Each structure stands twice: as C-alpha cells, then as structure tokens.
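Start from the sequences, fold in the hints, and give me the full structure.
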Amino acid sequence: MSTPITPLSDTLAVAPQLGAEDMAAVKAAGYRSVIINRPDYEGGDSQPASADVIKAGEQAGLTVVYQPVVSGAITPDDVRAFRQYLDTLPAPVLAYCRSGTRCTHLYNAAKQETSQS
Numbered sequence: 001m002s003t004p005i006t007p008l009s010d011t012l013a014v015a016p017q018l019g020a021e022d023m024a025a026v027k028a029a030g031y032r033s034v035i036i037n038r039p040d041y042e043g044g045d046s047q048p049a050s051a052d053v054i055k056a057g058e059q060a061g062l063t064v065v066y067q068p069v070v071s072g073a074i075t076p077d078d079v080r081a082f083r084q085y086l087d088t089l090p091a092p093v094l095a096y097c098r099s100g101t102r103c104t105h106l107y108n109a110a111k112q113e114t115s116q117s
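Take the sequence shown: its position 34, counting from 1, is numbered 34 in full-length UniProt numbering, and each next residue is one higher.
Capping the alpha-carbon separation at 35 Å, the derived lysine-lysine pairs in DSBU-like fashion look like this:
#1 LYS111 to LYS55
#2 LYS27 to LYS55
#3 LYS111 to LYS27
Taking CB as the label site, the calculated pair distances span:
#4 GLN112 to ALA24: 29 to 37 Å
#5 ALA73 to ALA24: 26 to 34 Å
#6 ILE5 to LYS55: 17 to 25 Å
#7 PRO76 to SER2: 30 to 38 Å
#8 TYR66 to ALA25: 18 to 26 Å
#9 SER46 to VAL70: 16 to 24 Å
#10 THR11 to ASP45: 32 to 40 Å
#11 ARG80 to ALA25: 25 to 33 Å
#12 ALA73 to PRO16: 15 to 23 Å
No lab work stands behind these hints, which were simulated from the structure alone. Keep in mind the model is a prediction, meaning the values are calculated, not measured. Each residue gets a CB set at the ideal place from its N, CA and C atoms; glycine is no exception.
The structure is reproduced here in structure tokens:
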C-alpha cells in the first residue's frame, strides 16, 4: 500500500482514499478497524464504492464501517457518531476520506467534545 497514513493518536490514524485492494495491507499494518468517511461517488464513478471496500476489509479480517460525511459540512451528529465508533471499534482504527483532512477534523471535534463532557 503506497497510500500515506498519518497517525493522530495511539488508536487512530487517517489516510486519503483507499480501495478494496488496500484492505489486506491495512490489516498487515496492524489496523483492526476502518471507518469510511467519504460518501460514495463523491469523486465520480471511478471512486471505489464503500460496499466493495467493506467486503474486502471483512475478508481481510477488519471491522469496517461506512460513515459518509460531506466535506465542509460536518454536523454535531457526524462528530458524535465518529466518537462512538472510536469508543467501540477494535483499535487501532484507520479512517479515510478523500485526503484524510475530513477525518482529522472529525477526530479533533470528537476529542474536543469528549474533553468538554
């Protein structure tokens, strides 16, 4: 897998767009779960479909969830759902979107919400 992975904590890293062909390498890199934050076909028909990534991830032994979040329009519900996934999915978790930035914003918002609780 040649996709750059950016660790944000001991239990979460982010990456740009991944595909079904990357899931075995994600597992081999030690990740146990994947969160897909990029909506299907946001980048057009050539973008890997979440269903294909989920299937390949599960075949590789990963827990994979689809949480589509619109870029530039993150809602409080998106943040709560992301935090819930971070609290419940087997760690470490790799989240991806188009560039990794949306996942980073979700993580930072979830972390801030947690510290205010």
